[in-house]
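Trainee: The lines below spell out each chain.
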Amino acid sequence: MFDLLANAIVAGLLLGGFYAAVTVGLSIAFGFLDIVNIAHPGFIMLGAFAAWFANDQWGIDPIVAGVLFTPIFFVAGAIVYRVYHVSFERRGDAGLRGLAFFFGVLFLTEVVLLLLFSADYRGVDMPYLETMIGAGPVAVPLRMVVPFLVSLAMFAVLQLAFNRTFLGRAIRAVSQDQLALRLMAANPVRVKEIAFGIAVATASVAGALLLTIAPIDPSMGRDYIGRVFAIAVLGGLGSLTGTLLAAITLGVAESLTATFYGPSWSPAVAFGALLIALVVRPSGLLGR
Amino acid sequence: MPISAPRLVVEGLSAGYGAVRALEDVTLSLEPGETVALLGTSGNGKSTLINAIMGLVRPRAGAVYLEEDGRRTALAGSRTEAIADLGLALVPEGRRLFPKLTVEENLLLGAYRGAARALRVDRIAECFDAFPVLKDRRRQLAGNMSGGEQQMLALARALMSAPRILLVDEPSVGLAPILVARMIDTIAAVKERYRLSVLMAEQNFHQAVRIADRGYVLVHGRIEFEGRTANELRNSELVRTYYLGT
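Going line by line, the protein sequences match chains B and H. Residue numbers for the first sequence, in this note's numbering: 1 to 288. Residue numbers for the second sequence, in this note's numbering: 1001 to 1246.
Worth flagging that the hints you see were computed from the coordinates, not collected in a lab. Careful: at least some of the hints might be erroneous.
[Stated by the list, open to error] In silico SDA-like cross-links for lysine to any residue, where the CA-CA straight-line distance does not exceed 25 angstroms:
| # | chain 1 | residue 1 | chain 2 | residue 2 |
| --- | --- | --- | --- | --- |
| 1 | H | LYS1191 | H | GLY1094 |
| 2 | H | LYS1100 | B | PHE107 |
| 3 | H | LYS1135 | B | PHE166 |
From a predicted model like this one, the values you see are computed outputs, not experimental measurements.
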């Protein structure tokens, strides 16, 4: 019983670390920029298939590929933001039409992946991932540990970038008062463009982590929409530390539920936690 | 140390929102090292003028430019961020802080422009020196501070950009009378310390004239009176009748 509990908690922590990587791009777009980027899971699937392709064709480790592709995803994100800005945001139409736009982008990514890769499951076979490590009764595969560590590293880099650089502070300020930001000699559209590029670049890494953990198929992104929004809101919009905490909390809760009540209950955990949070603490764990 | 600020010149400026004419043929100048008051009650165009200088309001006619070493840099038509980058800082009406960032982060954002970044460590120390309350609250969110503290932070944030020209829009609004006097004194003090030129829009005539070298009175978007000294402003017939209501 204790062994089961300990294993479930550790597995949940690792899963939560991965969820954090999946959510952070949405936290940036939604929390810092007020852009409800419902297409984020679609970008993650693009990242996952790009990493799979690199692994399949050139034998590159998927996580290395995910990191190498971040500049491409950054540019793609900046372009998507430009289109969104010119078509909706500048006209003050960002609400419902913007949401529809990103919904369209989500379907577009899915269809493109289906046409390119068909609906089959794809996985990577890296022998080192099957190695089990552990202490005492707890044992976990590197398949889970490596994504957890990569996710933490990505969070550390992002925290430094957003808290310690001029551009990072401008990104955190841009949705609070654009006019004031212009008075500080910063161009808000440019600031948001870079921030959205960063948000999409995280999808390249998160997609590679997803591929590392389990086989992928093009429609998988949809399974994550609810979960990433739940984590972003639960953590508190505008706080990356909150996102990390919420992701780990949810990972542990899901893992415990799956272990003791059966895996079919675990999707209910995300929305249960979200509902409770919205009632008890609407600003999220660390929301301001 | 000689004052190296550029001259700010406004020439024949007209601006308006739709059919409303907020500014009508306004001509004025701000010489290096001067404190000039823009006087007039609310709704007479003071804020519109300040906003037009900063590129936040697009003028219908006229020019705004900086003059330095015989060179002219046109401001009208430029983007606000480009104007700010030239060394014009505005302490805006309503302060417009970033409420969910800390005091320190607000100050550091003030130093965003290229020329100010290298100076940020010294400047922030000077700001904490001049406004000890900001130092005590450096980790607090700007939105949680009192009105007087927020006004100080707004001024300090503008100074972080190492400006050469400081525009201040209604620094007294929402402050208790004793804080108004202190704020006006502070503006005079930082002007001396950093050798700035200051253009200040203010409804509170007595307070503004206390530190102004000279001033303009705006009535319905026009300059109705120009006081070449503070005394000329105090003794003006127009100020007495239209403005002070005596």
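Trainee: Now tell me, hint by hint, if it's right for this structure.
Mentor: Results for each hint:
Between H/LYS1191 and H/GLY1094, the direct Cα distance comes to roughly 21 angstroms. Compliance with the 25 angstroms bound is thereby established for this hinted pair. Distance check on the hinted pair: H/LYS1100 and B/PHE107 sit about 35 angstroms apart at the alpha-carbon level, beyond 25 angstroms; violated. Between H/LYS1135 and B/PHE166 the alpha-carbon distance is near 20 angstroms, which keeps this suggested pair within the 25 angstroms criterion.
Checked against the numbered hints listed earlier, the structure breaks hint 2 alone; every other hint is satisfied.
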